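Please construct the entire structure, taking both the sequences and the accompanying hints into account.
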Amino acid sequence: MSLGNLVKIPGKEITGLSVCRNADQSTIYRAVKARKDKDQVLITGKEEFTSIDKLASFAGNSLLVLVIEGKGIVQKITLNTSQTDELYFSKLFPNTQQADFYVSVIEQGEQVLVNVARKDFLDELIAPLEQ
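The opening residue of the sequence shown carries number 715 in this note's numbering; numbering runs sequentially from there.
SDA-like cross-link-like pairs, simulated, lysine to any residue; straight-line CA separation at most 25 Å:
hint: 1; residue 1: Lys833; residue 2: Thr741
hint: 2; residue 1: Lys785; residue 2: Ser765
hint: 3; residue 1: Lys833; residue 2: Arg735
hint: 4; residue 1: Lys833; residue 2: Asp799
hint: 5; residue 1: Lys752; residue 2: Leu777
hint: 6; residue 1: Lys747; residue 2: Cys734
hint: 7; residue 1: Lys790; residue 2: Leu801
hint: 8; residue 1: Lys790; residue 2: Glu800
hint: 9; residue 1: Lys726; residue 2: Val755
hint: 10; residue 1: Lys790; residue 2: Pro808
hint: 11; residue 1: Lys785; residue 2: Tyr743
hint: 12; residue 1: Lys760; residue 2: Ile840
hint: 13; residue 1: Lys790; residue 2: Arg735
hint: 14; residue 1: Lys760; residue 2: Arg744
hint: 15; residue 1: Lys833; residue 2: Val779
hint: 16; residue 1: Lys760; residue 2: Ser740
Since the hints were made in silico from the structure, they are not lab data.
Here the structure is a predicted model, which means the values were calculated and not measured.
Dropping the structure here:
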């Protein structure tokens, strides 16, 4: 299978942004900019910063892909039993109100990766991106 079939980058460039909340409550932003050239993905820039204000000048008008990691994000792997997101959540986090959390379930063959974050935590973390 060619890289062209695996990587679909709309437009000319894409920026990947990793937002990591540390145990000391500081936030680190790591950005990488890439573009597709024939059957290759070329890294055209990368930067690490502690203020989201620098993102706009780095990313420009490129599509932004966001990954959030670190303190406050819980990831669990469990068997893929073709359940709904709600059932995976209640199985892994009993006695917890799902309405207070964002839940992402990613199927990976016989397993699923369940990512959970408190809504108030995540909303606060991504609020600077909405400005």
